[in-house]
Every structure is written in structure tokens, then in C-alpha cells.
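**Student:** The lines below spell out each chain.
4 protein chains.
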Amino acid sequence: MGSATAHGPRLGVWIIGARGSVATTVVVGAAAVAAGLAAPVGCVTEQQDFRSAGLTPVGDLVFGGCDITGIPLVKRAEQLVAAGVVPADLPASVQRALDAADGEIRPGVSAVADPQEPQATAIAAQLTDFRERHGLERVVVVNLSSTAPQPAPHPAHADLAALRAALAGPEPVLPPHALYAYAALSAGCGYIDFTPSGAMLLPALDELARSIGVPYTGNDGKTGETLVRSALAPMFAHRALRVRAWSGTNLLGGGDGATLADPSAAASKTASKARSLAELLPDPVEGEVHIDDVPALGDWKTAWDHIAFDGFLGVRMTMQFTWQGCDSALAAPLVLDLVRLLGRAMADGEVGVQPQFAFFFKDPMGSSEHRLVAQYEHLRTWAAQFAGRSGLEG
Amino acid sequence: MGSATAHGPRLGVWIIGARGSVATTVVVGAAAVAAGLAAPVGCVTEQQDFRSAGLTPVGDLVFGGCDITGIPLVKRAEQLVAAGVVPADLPASVQRALDAADGEIRPGVSAVADPQEPQATAIAAQLTDFRERHGLERVVVVNLSSTAPQPAPHPAHADLAALRAALAGPEPVLPPHALYAYAALSAGCGYIDFTPSGAMLLPALDELARSIGVPYTGNDGKTGETLVRSALAPMFAHRALRVRAWSGTNLLGGGDGATLADPSAAASKTASKARSLAELLPDPVEGEVHIDDVPALGDWKTAWDHIAFDGFLGVRMTMQFTWQGCDSALAAPLVLDLVRLLGRAMADGEVGVQPQFAFFFKDPMGSSEHRLVAQYEHLRTWAAQFAGRSGLEG
Amino acid sequence: MGSATAHGPRLGVWIIGARGSVATTVVVGAAAVAAGLAAPVGCVTEQQDFRSAGLTPVGDLVFGGCDITGIPLVKRAEQLVAAGVVPADLPASVQRALDAADGEIRPGVSAVADPQEPQATAIAAQLTDFRERHGLERVVVVNLSSTAPQPAPHPAHADLAALRAALAGPEPVLPPHALYAYAALSAGCGYIDFTPSGAMLLPALDELARSIGVPYTGNDGKTGETLVRSALAPMFAHRALRVRAWSGTNLLGGGDGATLADPSAAASKTASKARSLAELLPDPVEGEVHIDDVPALGDWKTAWDHIAFDGFLGVRMTMQFTWQGCDSALAAPLVLDLVRLLGRAMADGEVGVQPQFAFFFKDPMGSSEHRLVAQYEHLRTWAAQFAGRSGLEG
Amino acid sequence: MGSATAHGPRLGVWIIGARGSVATTVVVGAAAVAAGLAAPVGCVTEQQDFRSAGLTPVGDLVFGGCDITGIPLVKRAEQLVAAGVVPADLPASVQRALDAADGEIRPGVSAVADPQEPQATAIAAQLTDFRERHGLERVVVVNLSSTAPQPAPHPAHADLAALRAALAGPEPVLPPHALYAYAALSAGCGYIDFTPSGAMLLPALDELARSIGVPYTGNDGKTGETLVRSALAPMFAHRALRVRAWSGTNLLGGGDGATLADPSAAASKTASKARSLAELLPDPVEGEVHIDDVPALGDWKTAWDHIAFDGFLGVRMTMQFTWQGCDSALAAPLVLDLVRLLGRAMADGEVGVQPQFAFFFKDPMGSSEHRLVAQYEHLRTWAAQFAGRSGLEG
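Chains as they are written, first to last, in numbering that gives the first Met the number 0: chain A, 0 to 393; chain B, 0 to 393; chain C, 0 to 393; chain D, 0 to 393.
Among these hints, one or two may not hold up.
To be verified - Derived CB-CB ranges, DEER-like: (1) D/Gln46 - C/Ala124: 54 to 64 angstroms; (2) B/Gly35 - D/Gln78: 18 to 28 angstroms; (3) C/Pro202 - B/Asp261: 47 to 57 angstroms; (4) A/Ile67 - B/Ser367: 48 to 58 angstroms; (5) A/Arg274 - B/Pro354: 30 to 40 angstroms; (6) B/Ser367 - A/Ala82: 34 to 44 angstroms; (7) B/Ala82 - C/Pro202: 23 to 33 angstroms; (8) D/Gln78 - A/Ile67: 23 to 33 angstroms; (9) D/Ala99 - C/Pro283: 31 to 41 angstroms; (10) C/Arg50 - D/Gly387: 34 to 44 angstroms; (11) D/Gly387 - A/Gly313: 37 to 47 angstroms.
To be verified - Taking lysine to any residue and the SDA-like style, the derived pairs with C-alpha atoms no more than 20 angstroms apart in a straight line are: (12) B/Lys74 - B/Asp48; (13) B/Lys74 - D/Asp88; (14) D/Lys74 - D/Glu368; (15) C/Lys74 - C/Pro56; (16) A/Lys74 - C/Ala87; (17) D/Lys74 - D/Gly107.
As the list claims (entries may be wrong) - Here are a few chain C residues that sit away from chain B, every Cβ distance over 12 angstroms (derived from the structure): (18) Ala91; (19) Gln125; (20) Pro154; (21) Gly212; (22) Ala244; (23) Gly252; (24) Ala260; (25) Ala264; (26) Ala295; (27) Ala307.
The set of hints was computed from the structure by calculation and includes no laboratory data. Owing to the predicted nature of the structure, the values given are computational and were not obtained by experimental measurement. A virtual CB, placed ideally from N, CA and C, is assigned to each residue, including glycine.
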């Protein structure tokens with residue numbers, strides 16, 4: 000699909016966690032959609048509202064990244080076939096795209112070694128090399144690695160000068176995810192926190208993005224329970240129905256289930272879920288959120304929510320929902336959307352946090368709007384400004 | 000509760016079906032809220048966004064209406080206590096308000112007698128009398144009677160002159176609900192189709208409203224399954240998830256269950272439910288809607304919806320929800336909202352269909368916006384124009 | 000897979016509707032289980048309780064039958080792979096078994112031609128031929144064709160002599176399913192009504208089975224909603240909880256969904272569901288059962304049941320369940336169980352209706368026990384009598 | 000209500016936790032049923048199967064007990080009216096019965112004081128006094144206090160002699176619940192562990208019951224999630240469907256919710272739930288059980304269970320259920336059943352653990368049968384032996 004000549008500049012997509020289920024689905028799916036082998040179901044930016052926004056065509060995305068495992072993408076794609084996430088014939092049909100991406104995946108930094116400055120420099124060099132070898136004008140780095148605990152507080156997180164000084168010292172200052180974000184921004188790349196790393200919540204990294212002049216967005220892609228909550232909670236709020244308790248149980252297998260069975264990793268996710276509900280409803284609500292590792296469910300996630308609310312004259316009512324979705328299939332098209340949108344923002348010279356992308360996140364940075372439809376309208380309006388202007392598609 | 004001097008003009012509320020469960024809950028609830036005996040839970044217009052809109056205070060509403068049964072409101076209120084809709088001590092506390100409304104309820108016209116013109120004149124006279132005796136500037140008529148079949152087509156429905164000529168003739172032209180709407184508009188009242196009568200869909204009645212210079216709104220208050228659908232469906236649409244089938248089953252007892260067990264009465268309701276879904280989703284969807292009469296459930300309604308949708312690469316996913324609500328308690332505060340809002344529109348000289356009230360209806364007249372949050376924003380923006388202007392509250 | 004020498008006599012299984020989804024799953028699954036390619040999940044008779052009952056091993060079943068379509072079984076098996084019912088690699092692995100069964104499937108009689116006697120004779124000849132060519136001692140005929148309306152009443156259904164006389168006449172007396180049952184019994188085969196045909200409810204056919212000396216069982220395999228009801232309803236009954244309403248909605252696609260969208264075909268199924276509930280609960284209950292055709296669901300069936308019940312002092316409570324199952328995968332192992340069990344009953348000289356198989360049926364013939372666990376105990380006890388006796392397995 | 004002359008001996012019921020919600024519902028309900036003010040819904044022993052078992056009529060039960068709070072029963076009954084558990088008019092109608100029971104409730108022992116022997120003696124004296132003043136032949140003690148942690152292990156729990164020696168010493172040996180059980184048995188009372196105290200699992204207490212010659216039963220009344228599991232799990236087991244994961248979330252308010260929010264108190268309950276599932280299913284299953292305190296739900300409990308299972312050829316299917324019940328209303332009639340049944344067992348000279356009452360318990364002592372219907376059959380058969388014999392009813 001498309002040479003640079005015909006289509007305008009291609010866009011680099013460099014994925015942290017490039018061999019994971021979501022990343023593999025992204026690469027397989029982008030190739031399938033570009034080749035017309037699959038409809039762009041779940042791709043927000045393929046809808047009519049975004050046709051004139053001048054986004055890079057999916058076929059003009061160039062994939063690379065890093066991962067701590069070395070399993071080839073084609074092998075990972077076959078595992079996803081067995082899990083029912085990817086249709087049986089796709090991996091063979093898009094093997095060339097998988098091989099191309101495979102060749103651009105570097106070993107990831109998992110443990111924290113000191114000093115960190117050389118590490119950051121090495122990562123930035125990988126990014127620069129990726130950009131230059133492919134003749135890309137812009138590269139977007141997207142974090143799709145496992146959910147990580149929030150970075151432990153450190154005085155050097157408060158401003159960029161302090162951070163730079165500390166990175167040169169012998170002690171580790173940033174957890175691996177945040178070090179990648181630091182390197183990405185330093186290399187002039189846009190940055191997306193799709194998995195919740197908390198990196199961009201550090202003032203020093205926000206300052207870095209602004210000083211370098213690159214945009215970023217996040218935090219924590221919303222694909223299931225929180226997505227539904229952001230659609231449903233405004234109903235209770237706008238109808239003045241008093242929610243008394245909102246309880247949730249999430250059952251999931253796959254790697255994500257295992258990761259989130261660790262309470263410290265789950266904490267950032269349950270915190271963003273709770274924050275979202277608090278923003279959406281006027282009164283405090285009771286209720287807990289559980290995340291259970293159920294290996295039998297594989298990549299499928301079942302969320303059950305129970306909402307107890309009062310109506311007129313204090314009458315007690317309830318609502319329940321069950322969401323049964325495939326996590327990788329829900330996340331992957333949003334990743335494609337975000338890299339295209341952030342690429343557009345970069346092309347337009349946007350810098351720092353991008354609140355117009357709140358639609359995609361559990362814990363949207365730069366925005367306190369959690370209502371899904373209002374978030375969509377914000378996104379749509381932002382995209383509409385590009386209609387009639389020359390875009391990235393050529 | 001406010002005298003006219005302190006509060007500005009009171010507003011007349013004339014209810015068709017004034018002894019029904021919803022109407023009784025409206026009268027009990029308005030008195031309870033006005034007296035501070037109950038919080039205005041479920042009252043949209045009691046929220047901060049509507050504080051400055053100059054709406055008539057709930058305590059300044061004057062209730063009257065008609066019904067084909069003669070059971071006293073206080074007796075109906077006690078039945079609602081037994082059904083768990085109204086708290087045990089309320090009917091006694093608000094007995095004076097119930098008695099006052101009781102004295103303003105006239106026998107209703109149920110059968111169609113010919114000729115209809117004298118009937119319409121008699122109803123209009125009741126309304127004028129109600130307005131004059133209470134010194135009301137404005138009266139809003141709201142239809143809360145049982146769901147009725149759509150009016151059978153008749154050539155005289157096409158324009159006002161033809162309708163007037165036909166009404167003078169010996170044949171019935173309008174079903175009872177529509178005759179009430181005709182009389183209400185003729186008497187200069189605003190009109191709300193909260194129960195689906197289909198009356199205001201007749202071009203002749205729209206013409207009448209415009210010629211008299213009164214506003215109207217409707218159609219079919221959304222309180223349960225359709226409310227949730229209008230909150231949830233945009234999630235699928237905006238996320239480009241392809242809904243394949245959306246099936247629904249409604250279990251309800253009470254009078255409404257018995258009425259809707261009759262397929263011809265249910266037809267207008269299931270049609271508005273289907274229309275709503277078709278407007279909300281880009282593609283046609285499979286799935287039926289059932290409405291079952293389950294007397295054991297009394298005034299409680301349980302709706303179960305099952306949504307089968309495709310995600311990225313065609314992966315099949317599902318969502319289900321169960322809504323367990325009390326119909327009268329859900330509807331009553333919306334009736335209070337609507338009469339106050341339509342009263343405001345009347346005071347402001349609005350005429351004809353009022354699309355800004357789509358937020359309240361399954362089948363909003365004058366609007367094709369079915370997304371709940373977008374409907375709310377439309378309503379909020381409309382109300383915001385009155386901030387700083389002298390309102391109805393004095 | 001076993002030769003007759005090592006394993007004792009093989010058992011013939013002649014399927015009416017032999018190219019349908021259930022039948023195809025039966026043939027694929029039997030071969031897979033026999034070859035050790037699949038665990039016998041869902042096979043009741045593979046459990047410890049039935050090890051000593053002397054049942055024909057699954058690998059010693061010989062398949063044949065009839066169908067009105069001619070699509071090869073291997074093609075049908077591939078369709079089931081696409082539908083997610085059969086694992087991707089199985090059809091190729093068991094192709095020899097599929098081809099063997101394919102060669103034994105005869106064109107089915109769908110329309111009613113007169114006179115019927117020669118038709119019956121021809122079908123019986125097919126059965127005899129099948130038995131003799133394979134050197135089978137016993138053949139069990141199992142009805143897996145589409146759900147059919149109950150046979151229209153006819154005086155000749157009352158006794159065998161009248162039926163025989165009427166069959167020789169020019170008028171059709173039996174619907175096709177019942178004609179097959181007549182022929183099967185006449186040919187000395189055991190007969191199982193797994194799909195509800197109502198054939199064996201005709202006194203004349205019961206008389207035929209007894210006069211020939213063959214056993215039969217049915218009616219309407221229970222695989223989903225009714226299965227769950229027969230497990231749950233005794234809980235309410237034995238705990239003296241008063242069920243007020245039990246409502247059900249079934250969503251299903253596939254051929255079954257389309258068939259049951261026809262109310263006359265669905266009638267026998269909803270009737271057996273209602274009968275089952277009436278037997279399980281002491282008091283009459285409100286509530287309807289819906290069967291919706293939802294093609295998007297394919298072979299998957301979702302049943303939602305809502306139960307409203309009273310507890311101590313009249314407190315109202317509710318229970319809901321959702322069952323999401325694959326119909327063919329639920330039915331197929333039961334078919335294997337039933338043919339093996341009926342074969343055992345034949346070998347043991349059992350004649351007429353076999354109430355000990357009630358465990359498998361919505362509308363068990365010869366038994367008014369609908370409680371699932373009590374049915375299981377009946378079956379287990381019956382099977383236990385064969386322990387220590389020489390069985391069919393060699 | 001019956002004098003001793005007309006009805007045979009009355010039966011004493013001495014409740015530990017006699018002012019709790021369940022106990023209050025027991026006393027209110029027994030009086031209402033005896034007076035014909037309420038149907039015996041939820042009372043197992045009022046069914047036909049138990050008519051001839053010679054059980055003490057509900058009206059011949061004499062209530063007493065102990066509690067650490069002093070709120071009068073009539074006040075507690077009014078709180079239960081407000082909570083929707085007890086009909087509005089009942090407390091006044093049965094006030095005499097409430098007052099009578101009130102007069103028989105003694106202050107409870109909550110803290111562990113040393114030495115314990117005098118405490119036990121004092122409790123036993125209260126029981127003897129209760130029995131003698133009312134001229135009762137038999138008294139059953141039933142534990143309805145809050146769920147307690149399992150007793151901490153102690154060497155003196157192993158046999159009665161060691162226990163007696165240790166009780167005379169200065170150190171506490173038994174937690175309060177177990178001390179009550181010790182005193183009850185010592186006083187010749189039957190004992191029921193309806194709330195899980197774990198007391199009767201101590202070998203020394205079993206030995207005591209046998210040496211005194213009294214029967215006991217328990218453990219942990221099954222009223223909700225586990226009740227449903229014991230009805231449903233046999234369906235999967237008997238149909239050879241392979242359950243992969245069974246997950247549960249329980250939301251409840253009231254005192255029970257608060258108690259079980261404490262993990263050490265919840266541990267005995269989640270342990271008995273897990274044990275029950277392990278006994279019901281042949282293979283190990285994944286899945287957790289959560290118990291959340293949701294004060295907004297009051298005495299209502301919502302349990303959601305999700306079951307992932309494999310069918311034939313490994314096809315993955317799921318089932319979910321939601322149970323919405325009122326805990327006190329579910330438990331109270333079972334308490335009435337159990338005291339009447341244990342009274343019958345005492346009259347018949349039964350000694351030690353009574354496995355025939357497994358039907359009522361999450362963790363039935365003396366029985367490994369967890370299937371609800373099989374438990375019912377065991378109970379029914381046991382009761383049937385008394386038909387034709389002179390009973391307790393006179």
C-alpha cells in the first residue's frame with residue numbers, strides 16, 4: 000500500500016513490548032487492513048468523521064520496537080490464531096509484514112542498571128537509527144509492555160535539570176518504562192502511554208517533551224470495563240439518579256491476568272478505574288474492583304459490574320452488565336488510531352500533553368472529561384480542523 | 000411552597016391519566032420535594048446546570064387533569080406504598096396536596112363518540128376553567144394515560160382545515176388521546192406526549208400548535224431499556240465496533256405490563272425502540288424486542304439486553320445488561336422536569352415542536368439526535384441562555 | 000478402534016438427519032474420541048459410573064443414515080471448523096471415518112407421498128441392508144432432523160391395526176419423522192427421538208415397539224435452558240421458596256434458529272419446556288419463553304432466564320442466569336451416550352419405553368421425574384445392574 | 000399456639016446472637032406462621048414430605064438466648080421493617096411473642112475472660128434454668144452470632160479430658176462461640192452451628208456430645224451462592240462437562256457485610272465455599288471468591304458467579320448467574336426447620352453428628368454429599384421413618 004511518493008511521508012511506529020499480544024495484533028491487523036484482507040472494524044479513525052483529517056494511511060506505517068523476549072512475530076501470530084484472536088489464514092498472508100517488523104525489534108531493557116544515562120542514549124540512538132534508515136520524518140513511540148507499578152517517588156522527578164543530573168549518577172532514578180519515555184522524547188519522538196506506566200505524570204518528563212517540542216498522550220487505553228463505565232455513568236449523572244455503589248469484577252487470563260494478579264501492578268489500574276468513576280459521578284460511591292487471574296479464559300476478559308442506585312423518593316434500583324471481550328482485539332485498533340492521530344499532531348506542531356485524545360484512555364492526561372461521547376466530540380472537532388488542509392496521506 | 004407574589008406565576012399541570020401510577024407519584028413527589036420531605040433524586044432540572052434557568056419551582060405547580068377511573072389519589076398513593084414505590088409515611092404527610100389535586104380531576108373521555116367537535120370543546124372548556132380559577136398564566140397538558148395504538152390513518156390528519164371539517168362531521172376522526180391533544184392546543188396549552196400516543200405526529204396537530212402559538216414535545220418518555228441503549232449504543236458506534244445483533248426482553252407487571260401484552264398497543268413502543276437503535280448505530284442489526292406481562296413483578300421492570308458485536312479482525316464479542324427499575328419512580332421526576340421546561344419555553348414564546356427536550360424521549364420529535372450525552376448537552380445549552388434573565392421563579 | 004473379534008459386537012447407528020450439524024459432530028467426535036485425538040468431555044457414559052455397564056465402545060459404532068441434502072460430511076465438518084465447533088485439524092485426521100459414514104447415508108424422504116406403506120417398506124429395507132452388510136446384531140435409529148410440528152391428530156394413531164390399515168390407503172397418515180420411526184421399529188431397530196418429533200407419543204407406535212420387541216426413548220434432548228432448569232428448579236421446590244414467575248429468552252442462529260423462528264415448529268419445543276417447569280415446581284408460575292432467530296450467533300445459543308420468587312414472610316427475591324453454549328457440541332456426546340445405552344437395553348431384551356433415560360430429555364417418555372440429579376441416580380442405578388455381567392465390549 | 004396438653008411437649012430454642020437480624024426474623028416469623036399471619040414460605044419442614052415426621056409445631060417453640068447488645072426485639076423488628084425484610088404490620092401483631100422472647104435473652108459473653116470453666120458453668124446454668132422454668136423436655140441451642148474466625152489450634156482441643164483440664168486453668172482455651180457450644184452440650188442441649196464457628200470440628204466437643212448423649216449438626220447455613228452451587232455443580236459433573244473456572248463475587252451490606260470485610264472472619268466462609276465446590280466437581284477448578292461489604296445493599300445480598308467450562312471436542316462455553324436475595328429471610332426458616340428436626344432427633348435418642356441434615360449447610364458435618372437434591376432425598380428418607388410413629392406434635 001503506497002510508496003512515500005504517492006502517499007506522502009510514512010510514519011514510524013516504535014513499540015515498547017513489540018512481541019506482546021497487542022503489538023502482534025497491531026502489526027498483523029495493520030497489514031491485513033492495508034491489504035484489504037480485513038475490514039477496519041474497531042478503527043475509530045477509519046470512520047467518516049476522520050476521512051479528511053489527513054492521517055497517515057495504515058499501510059504507510061513502519062513498525063519497529065523492542066522486547067525482552069525474542070519469539071518471532073510469526074510464531075506469536077500463530078499463538079494468537081490458536082487463542083481465537085487472529086483468523087487462521089492471516090499470519091501466512093501477512094508474513095512479509097511480520098518479517099519486516101521482526102527485523103526492526105531490538106532487545107529491550109528490563110532490569111535497571113546503573114548508570115542510566117548511557118542506557119537512555121543507547122535507546123535514543125536505536126530510535127534515530129530506525130528513523131533515518133527508513134527515511135521517516137516522524138516516529139511515534141507507544142508503550143505496550145506489561146502494566147508496571149507507578150514509579151517510586153524520587154526528588155529528581157520534579158524537574159528536568161534535576162532528572163538529567165540524577166541520571167548521570169550511579170543510582171537508578173527511573174523505572175525501565177520511564178527511561179524509555181525519556182529516551183523517546185529526547186530523540187524527538189511523540190510518545191503514547193497505552194499501557195499504564197505513569198511515566199508522563201512525572202513533571203520532569205512533561206518538561207522534557209515541551210523543551211524538545213514533541214507531543215505526548217496517555218494514560219492506560221480503555222478497552223473494557225472502564226470504557227463501558229464512561230458510557231454508562233453519565234446516564235446516571237445526567238438523569239440525577241443517585242449511584243450508591245458501583246462494584247466490579249474482572250476475570251482475565253493471558254499474560255495480563257498473571258501480571259495483574261500482582262497487587263502492586265494492579266494498583267495503578269484499579270486506581271485509574273476508581274479515579275474515572277469519581278470524575279463521572281457527582282457523589283462518592285461504595286464498591287470495590289477486583290481483577291482475577293483466570294488462566295482458563297486466555298486472552299478473553301469478562302467484566303461484571305453491579306450498580307446500586309436510588310431513584311425518585313429513594314426507591315432502590317439496580318443495573319448489572321457483563322462485558323465479554325478479547326483484550327488484544329479491542330486494544331490493537333486503538334493503537335493504530337493513536338499513532339496516526341499523534342503523528343498528525345506532530346505534523347501540526349503540537350507540543351506537550353494532548354487532551355483531545357482523552358477518548359482513548361482510562362486516565363486521560365490533560366483532561367478531566369471522562370464522558371465517552373463528550374470525549375468523542377472533542378476528538379471529532381479537533382480532527383475537523385484539518386479538513387481542506389493538505390494532509391499526511393499525500 | 001410559595002405564593003404567587005414571592006415566586007412569580009404558578010404553572011398549571013393538567014394530566015391525562017391523572018389517577019395512574021405515574022401521575023400519582025408525580026403529585027406525591029412534587030409535594031414531598033416542595034416540603035423538603037424528599038431529596039429531588041431523579042429530577043434533572045434540580046441539578047446545578049439548571050439553577051439559573053428560571054424554572055417554576057416544584058412547589059408552584061398546580062395539578063389537575065382527567066381520568067376514566069375515580070379512585071381517590073390518596074388511595075392510589077397507599078397502593079403505591081404497598082408496591083414499594085412510595086415511602087410508607089408520605090401519603091399522610093402530603094394529604095392536603097393530594098386532596099387539592101383530587102378536586103381538579105375530571106372524568107375522562109375513553110370511548111369515541113360522534114360527533115367529536117363538542118367533545119373537544121368541552122375538554123378545552125375544562126382547561127380554560129382550570130386556568131382561570133387558579134389565575135394561572137400558563138397550563139401544560141401532559142399525557143400519562145396508557146400506551147395507545149398509533150392513530151389509524153385518516154385523510155383529515157394531513158392539515159388543520161381538513162381536520163376541523165372532519166371533526167364537525169358524524170364520523171370519529173381522532174382517537175381519544177389525540178382528541179385531548181387537539182383540545183389542549185386549542186385552549187392555548189403546551190402539550191407533552193410522555194406516553195406514546197402518536198398524536199403530535201399528525202401534521203394537522205403540528206399545524207394547530209403553530210397556528211395557536213404553543214410549544215409541544217414528545218414522544219414516549221425513556222426510562223429504562225431505551226435510556227440505557229441511548230447511553231451505550233454510541234460507545235459501539237464511536238469505537239467502530241460492529242454490532243451484529245441487539246436483542247431485548249422486558250418483563251413488567253402493573254397496568255403497563257397488561258396494556259403492552261396487547262400487541263397493537265405494544266407496537267408503537269417496540270417501533271420507537273427499534274427506531275432509536277437504528278438511529279444510534281451505523282449498520283442494520285438483527286434482534287427482536289419482547290415485552291412480557293409478568294404480574295408478579297408489579298411496578299418493577301426488568302430489561303435484559305444482549306449485544307453481539309464484532310471487534311478487530313472479526314473477533315466476536317458480547318455484552319449483556321440487566322436493568323431492574325421501578326417504572327413510576329423513573330418516570331415521575333421526568334414529568335416534573337418536562338412541565339417546568341415546557342413552561343419555560345412557553346414563557347419565552349417558543350412555538351411548535353421543541354427538539355431540545357430529546358433527552359427525555361424514546362422517539363424525540365424534531366430531533367434525530369439519540370445519543371444521551373449529546374441530548375443532555377443540547378438541553379443544558381438551551382437552558383443556559385436564560386441565566387441572568389428574569390425567570391419564572393419570581 | 001477395535002475389530003468385532005476383540006471387542007464384541009459392533010453397534011449400528013442410523014441417523015435421521017445424518018448431514019446436520021449435530022450428526023456431523025457425532026461422527027467427527029466419535030472418531031476423534033476413539034482415536035484418542037479428543038478427550039470424551041461431555042460423554043456421560045465415559046465416566047467411572049458406567050465403566051462396568053458393558054457398553055459398546057465408541058470406536059465400535061458403525062454410522063449410517065439418511066438426509067435430504069447431499070453435502071459431503073467432510074464439507075460439513077469444515078463448516079463446523081469455521082463456526083468454531085470442531086477444532087481446525089480434526090476433519091483431516093478423521094477423514095476415513097467421515098468417508099465411511101458418507102457412503103452409508105441415503106437420500107431422505109421429506110415430502111409426504113401416498114401411499115405411505117411402500118415408503119415405510121423401502122426405509123426398513125435400507126435399515127436391514129445396513130445391518131446385514133456390516134454384520135451388526137443391533138441397530139439404533141436416532142432422529143436428529145429439524146424440529147417438526149407435532150403430528151396432526153388422526154384416528155389411526157390410536158392403535159397398530161388401524162395404523163397399518165390406514166398406511167395401506169391412499170391418504171398420508173404419518174408425517175415423515177413418524178414414518179421413519181414406524182419403519183425403524185418394523186425393522187427391529189431401537190429408536191431415539193432426540194429431536195422432538197412426537198412420533199413415539201402415538202399409541203400405535205408404542206404398540207408397534209412392544210409387538211416387535213424393541214426399546215425406544217425420547218423426547219427432545221435437553222442441552223441448554225431446560226437442562227439448567229432441571230438442575231435449578233428443585234432448589235426452589237425443596238427449599239419451599241415460592242417461584243412466582245420464570246421467564247426465558249433463547250437467542251440462537253444456525254439452522255435451528257431459523258427452524259424455530261416458525262411458531263408451529265417452535266410450539267413442540269416451548270410446550271416441552273413449559274411441561275418440564277410445571278412438573279418441577281409445586282405451584283403454577285407466570286412467565287413466557289421466547290426463541291429468537293439471531294443468525295449472527297451461528298451455532299451458539301444464549302439463554303437468559305429470570306426467576307422471581309418469594310421467600311419467608313413474602314420477601315421478593317430474584318435469580319437470573321445466562322447460558323452461552325454451542326448446541327451441536329452439547330448434543331453430540333449425548334447422542335453417543337444414548338445409542339450406547341439403548342444398545343445395552345436391546346442386548347438385555349428391554350422392550351418399549353425406557354424411563355431410565357429421562358436424564359437426557361426435556362420431555363422424558365415414561366417418567367415424570369424431571370429433577371436432573373434424581374434422573375442421574377436412576378440412570379446410574381440402572382447401569383450398575385450390569386456390573387460383573389458380560390457386556391457388549393467383548 | 001397450642002398448650003403442652005394438646006400438642007405434646009414444647010421445644011426450647013436458645014439462640015446465641017438472639018437480637019441479630021436472623022434471630023429476630025426467626026422469632027417474628029415463627030409467631031406469624033403459628034398465628035396464620037404468614038404462609039410458611041421457605042419452611043422446608045412444612046412441606047408434605049415432612050407432615051408425618053412428628054415435628055414440634057412452630058407454635059410450640061419457646062425462644063430464649065443471649066446477645067451482647069440489649070436492643071429490644073420489637074425495636075429490632077421495626078428496623079427489619081424499614082429494611083424491607085419484615086412486613087410493616089407484623090411487629091405489632093406479634094408483639095407478645097417478641098416480648099416473651101425478650102424476657103428470656105441474657106447478656107452474652109463476648110470477650111474471653113480467664114478462667115473459662117466458671118463461665119461455662121454459668122452459661123449451662125442459664126440453659127438449665129430456661130428449660131426448667133418452662134417445663135421443657137428438650138432445648139436446642141443454635142448459633143446465629145456473627146461469623147467468627149476458626150478457633151486457633153490448641154492441644155487441649157484433641158480430647159475431652161484435656162479440654163476439661165485446660166478450661167480449669169488460667170489460660171483461655173476456647174473462643175466464645177466454642178465455649179457456648181461446650182456449655183450447651185454440657186447442659187444436655189442439642190447444638191446447631193448455623194453461623195460458622197468451627198466449634199464442633201474440635202474432637203473434644205464431638206466427644207463431649209457423644210458422652211453426654213446429645214446430637215449436633217452444622218456447619219454454616221447455605222442460603223445463597225453456595226446453595227445455588229450445590230444445585231448447579233452436579234449438572235456439570237453428571238453431564239461430564241469440564242469446569243475450568245468458577246469465580247464468584249458476593250456483595251452484601253448489613254452487619255454480615257461488615258463482619259466479612261475482615262479477612263480473618265471471611266476465611267472460614269470462603270474456605271467452606273471452596274471445599275463445597277471441590278467436593279462437587281471431579282477436577283480442580285480455577286477461580287476466586289470475593290465477599291465485598293457494600294453497606295448500600297443493607298440486608299440484601301447479590302452473588303454473581305461465572306463458570307467457564309469445556310464441552311465436547313474442547314469447545315469453550317460459559318454460564319453466569321446472579322442471585323439477589325435477602326439473607327435474613329433466607330436463613331430464618333431454615334433455623335426453624337433445623338431446631339424442629341434436631342428436636343426430633345433428640346426425642347429419638349440420636350447422638351453425635353447428624354449427617355442427614357447436610358441439606359442445610361455449606362460445610363455439612365458428617366457427610367461428604369454436597370449435591371442438593373441428593374441431600375434432600377437423604378433428609379426426606381430420614382424423616383419418612385417417623386411416619387406412623389407417635390410424634391412430638393402430641
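**Student:** Hint by hint, note whether the structure agrees.
**Tutor:** Going through the hints against the structure:
no. : hint                                    : verdict
1   : D/Gln46 - C/Ala124: 54 to 64 angstroms  : 55 angstroms, holds
2   : B/Gly35 - D/Gln78: 18 to 28 angstroms   : 25 angstroms, holds
3   : C/Pro202 - B/Asp261: 47 to 57 angstroms : 40 angstroms, violated
4   : A/Ile67 - B/Ser367: 48 to 58 angstroms  : 51 angstroms, holds
5   : A/Arg274 - B/Pro354: 30 to 40 angstroms : 35 angstroms, holds
6   : B/Ser367 - A/Ala82: 34 to 44 angstroms  : 41 angstroms, holds
7   : B/Ala82 - C/Pro202: 23 to 33 angstroms  : 50 angstroms, violated
8   : D/Gln78 - A/Ile67: 23 to 33 angstroms   : 59 angstroms, violated
9   : D/Ala99 - C/Pro283: 31 to 41 angstroms  : 39 angstroms, holds
10  : C/Arg50 - D/Gly387: 34 to 44 angstroms  : 41 angstroms, holds
11  : D/Gly387 - A/Gly313: 37 to 47 angstroms : 55 angstroms, violated
12  : B/Lys74 - B/Asp48                       : 36 angstroms, violated
13  : B/Lys74 - D/Asp88                       : 18 angstroms, holds
14  : D/Lys74 - D/Glu368                      : 40 angstroms, violated
15  : C/Lys74 - C/Pro56                       : 26 angstroms, violated
16  : A/Lys74 - C/Ala87                       : 18 angstroms, holds
17  : D/Lys74 - D/Gly107                      : 19 angstroms, holds
18  : Ala91                                   : 24 angstroms, holds
19  : Gln125                                  : 40 angstroms, holds
20  : Pro154                                  : 36 angstroms, holds
21  : Gly212                                  : 48 angstroms, holds
22  : Ala244                                  : 4 angstroms, violated
23  : Gly252                                  : 9 angstroms, violated
24  : Ala260                                  : 10 angstroms, violated
25  : Ala264                                  : 17 angstroms, holds
26  : Ala295                                  : 4 angstroms, violated
27  : Ala307                                  : 5 angstroms, violated
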